[in-house]
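Trainee: Sequence:
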Amino acid sequence: MGCSIGWVRCGLNGVNRVGEYLGPLGLRLLLAYEFWVAGVEKFGGENWFADIQDKFPFPFSAIPVDISWRMATWFELIGAVALVIGLGARFFSISLAVLTIVAIAAVHWPAQWSTLAELWQGYAITDNGQGNFKLPLIYLAMFLPLILSGPGKLSLDHWIAKRVFK
Numbered sequence: 001m002g003c004s005i006g007w008v009r010c011g012l013n014g015v016n017r018v019g020e021y022l023g024p025l026g027l028r029l030l031l032a033y034e035f036w037v038a039g040v041e042k043f044g045g046e047n048w049f050a051d052i053q054d055k056f057p058f059p060f061s062a063i064p065v066d067i068s069w070r071m072a073t074w075f076e077l078i079g080a081v082a083l084v085i086g087l088g089a090r091f092f093s094i095s096l097a098v099l100t101i102v103a104i105a106a107v108h109w110p111a112q113w114s115t116l117a118e119l120w121q122g123y124a125i126t127d128n129g130q131g132n133f134k135l136p137l138i139y140l141a142m143f144l145p146l147i148l149s150g151p152g153k154l155s156l157d158h159w160i161a162k163r164v165f166k
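Mapping of the sequence shown onto my numbering: residues 1 to 166, in sequence order.
Any given hint could be a false lead.
[Stated by the list, open to error] Label-pair ranges, simulated between beta-carbon atoms:
#1 G26 x I78: 12 to 22 Å
#2 D66 x F165: 36 to 46 Å
#3 D66 x V18: 38 to 48 Å
#4 N13 x A62: 49 to 59 Å
#5 W7 x N47: 23 to 33 Å
#6 W7 x G45: 46 to 56 Å
#7 L140 x L87: 19 to 29 Å
These are computed hints drawn from the structure, not numbers from a lab. These numbers were taken from a predicted model, which means no experiment stands behind them. Beta carbons are placed, not taken as given, at the ideal position from N, Cα and C, and that holds for glycine.
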């Protein structure tokens, strides 16, 4: 019995070591892809922020629409690249999480709801006018480990920290 517990412990330690590399990398790559696609779409598209600026939470509602559009576009593009290589990953995770919260408030949150049951209808991936805030909430949950624990060992942030703080 003791021997099998040792094997289990050894196996779990190995999985934990692999997880220090691959877990955060998987989160970073998926988030990078999603924000890269959104940034490219904004980069080549028409600025539609004027239609929803009144729904932006303060202080974002006070920023001129063209500046907001450019900031969102470049944070999505540069943030995606930074997440892929793991450079400034906490900064860009926080920045993109804030961008996601603004998007939830302005675009994804249901316009009208009076009960939690009505609000819960917006927790979906749909285009039926009920909110559609499920995916942005998933992104926020994915950002949490990157913000709190960092980008993992397979990142430039980790490589730099090992050399600077040895």
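Trainee: Indicate whether the distance between the beta carbons of G26 and I78 respects the range 12 to 22 Å.
Mentor: Given about 21 Å between the Cβ atoms, the range holds.
Trainee: W7 and N47, beta-carbon distance inside 23 to 33 Å?
Mentor: With a Cβ separation near 59 Å, W7 and N47 fall outside 23 to 33 Å, so the hint is violated.
Trainee: Evaluate the given range 46 to 56 Å for the C-beta pair formed by W7 and G45.
Mentor: Since W7 and G45 have Cβ atoms about 55 Å apart, the given range 46 to 56 Å holds.
Trainee: For the range 36 to 46 Å, tell me whether the beta carbons of D66 and F165 fit it or not.
Mentor: Roughly 41 Å apart at Cβ, these two residues keep to the hinted range, so it holds.
Trainee: Is 49 to 59 Å right for how far apart the beta carbons of N13 and A62 are?
Mentor: At 51 Å between Cβs, range holds.
Trainee: Could one say that the CB atoms of L140 and L87 fall in the range 19 to 29 Å?
Mentor: Given a distance of about 21 Å, which is inside 19 to 29 Å, the answer is holds.
Trainee: If I claimed the Cβ atoms of D66 and V18 lie 38 to 48 Å apart, would that claim hold in this structure?
Mentor: 46 Å, holds
Violated hints amount to a single one, hint 5; each of the other numbered hints is respected by the structure.
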